[in-house]
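Engineer: Residues per chain, in single letters:
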Amino acid sequence: MTTADLATYNFAYLDEQTKRMIRRAILKAIAIPGYQVPFASREMPMPYGWGTGGVQVTAAILGPKDVLKVIDQGADDTTNAVSIRAFFQKVANVAVTTKTRAATIIQTRHRIPEEKLTSGQTLVYQVPIPEPLRFLEPRETETRKMHALEEYGLMHVKLYEDIARNGHIATTYAYPVKVEGRYVMDPSPTPKFDNPKMHMSEALQLFGAGREKRIYAVPPYTEVVSLDFEDHPFEIQTFDKPCALCGAQDVYLDEVVLDDRGGRMFVCSDTDHCEQRCASGHRGHLAHDKEAAE
Amino acid sequence: MTDAPLLKVRDISKFYGARIGCRNVSFDLWPGEVLAVVGESGSGKTTLLNCLATRLMPTSGSVEYRMRDGTMRDLARMSEAERRFLMRTDWGFVHQNPADGLRMAVSAGANVGERLMAVGERHYGNIRETAGDWLGRVEISADRIDDQPRAFSGGMRQRLQIARNLVTSPRLVFMDEPTGGLDVSVQARLLDLLRGLVQDLGLSAIVVTHDLAVARLLSHRMMVMKDGLVIEQGLTDRVLDDPREAYTQLLVSSILQV
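Taken in sequence, the protein lines are chains V and U.
Residue 1 is where the first sequence starts when you use full-length UniProt numbering, and the numbers rise one by one after that.
Residue 1 is where the second sequence starts when you use full-length UniProt numbering, and the numbers rise one by one after that.
Everything labelled a hint here was simulated from the structure, so no lab data went into it.
Be a bit skeptical, because a hint or two may be false.
Once the Cα atoms are required to be at most 25 Å apart in a straight line, the calculated SDA-like pairs of lysine to any residue come out as [what the hints assert, rightly or not]:
1) V/K158 with U/G202
2) V/K145 with U/M87
3) V/K158 with U/V138
4) V/K158 with U/R19
5) V/K158 with U/D147
6) V/K158 with U/F15
7) V/K145 with U/L86
8) V/K158 with U/D133
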């Protein structure tokens, strides 16, 4: 692509004033871990719910030397991930990758990569509803007050209801966490399997909610604790079987329906992690079929 | 009763623009005492109650409350955090319409347990046990603990609201027409229950009602309000049996005798 092709866009789509405004919001968010900073969210060339918040945060922090990875439910090859990656290739001409290790910025929808993130990497989350108390308390004035005064009893009412109805805490995604002992935060609809990865992460984690116009952050090496009861401690999901393709045991799996006769398989939700393992010789029980199909 | 009042109210006035809500109301409330505020609708009873419970800011006057450590604090000078903490620990507020005071979309157990969780209780088993115990005390059977208040009758909802308020053993409870909208037999049971609870727990309460029978059964002392002013106050039996003001006489004589 020549620079002439880029002439109609500012670098990374947003104008410099907007980026400046978003960066200020991000800096404030980093300074107050878990606090939702309002920002003047812009119209993006995509519908709300497709990651407008995440895209704006990425656009504001992206530099020409960055390497971008975009995942959607852990996968690099789904519509949302492919479109956003192509978008930034076009408007910023940055290098893109599917490899977690090679990326400097990872924009994600609802997963944290299996591979441990390291210092210098930034994880950008797309957030639909940033307010963890929203479904119990519909008034924004009231939830803001509750955050300000640290009144978080209501969050436990939700967990209580879970146990009363199901016998265990049945919240499996968007599981509320307390950041640095102060703010209760919605980690976006990631499975609770990923919650422990947020704790003391070496990477910077930024959250952007476009429709709700909020940015929040978890700086590196920050305490992130999942809420629970003393007699019903927090637990992550476990899976009976390993990944059918790479045989990985301790990862988050997606269920894939194979036919209309009840056939199904469980595979890594993180496609990059799965491919890396397959490349280095790990095999699950259906790996042979996949190779045959290819 | 101890020798220091729990609540000291001095010259509380509330104006809605030029209109009067209540004017120059002063009284002391003592520990263990139940005070009834009666009067026709529009007489300023609920405005007064809301001013006392910090749900409304009075235009002038002061309300002082004796904290658990014995110090008198001016409610208007407390920080909002302190006031809200007081509201959910040391105080209770029973609304006329239970839907205003309950979370209709969560179970009865969680409704009762919410205050406990708000003050830091983090043991599910203990919360549930306390909630079950309180449901029993307000005569709601234990197998309804996981039902939502939507599925409850009006009387049960009101009793649930009372349990939800009393679970942190508050010292002062505000009640706004606690028996309004209930049929007579349910009212009688609720009054009986309230009287028992107030006596057992040594609660102080301020009950707003237009129903003189409620005042007679529950309260030790009563105030009669008209047009925002307190026109008569005294021991409940004295006011009801020997009303001095013309308006109070009218009020007392307008009760149907059956």
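Engineer: Is the hinted pair V/K145 and U/L86 satisfied, with a Cα-Cα distance of at most 25 Å?
Structural biologist: holds (16 Å)
Engineer: Compare the distance between the alpha carbons of V/K158 and U/F15 with 25 Å, and conclude whether the hinted pair is satisfied.
Structural biologist: Given that 25 Å is the threshold and the Cα spacing comes to 40 Å, the pair is violated.
Engineer: Verify the proposed pairing of V/K158 with U/D147, using a straight-line Cα cut of 25 Å.
Structural biologist: holds (15 Å)
Engineer: Starting from V/K158, check that the Cα of U/G202 is at most 25 Å away, please.
Structural biologist: At roughly 32 Å apart (the allowed maximum being 25 Å), U/G202 and V/K158 break the hint.
Engineer: Within a Cα-Cα threshold of 25 Å, do V/K158 and U/R19 meet the stated pairing?
Structural biologist: Given that 25 Å is the threshold and the Cα spacing comes to 43 Å, the pair is violated.
Engineer: Tell me if the straight-line CA distance from V/K158 to U/D133 falls inside 25 Å.
Structural biologist: Roughly 21 Å between the alpha carbons, so the hint for V/K158 and U/D133 holds.
Engineer: Is the hinted pair V/K158 and U/V138 satisfied, with a Cα-Cα distance of at most 25 Å?
Structural biologist: holds (24 Å)
Engineer: CA of V/K145 to CA of U/M87, is that 25 Å or under?
Structural biologist: Answer holds: V/K145 to U/M87 is near 15 Å, not above 25 Å.
Going down the numbered hints, you'll see the structure goes against 1, 4 and 6, while the others check out.
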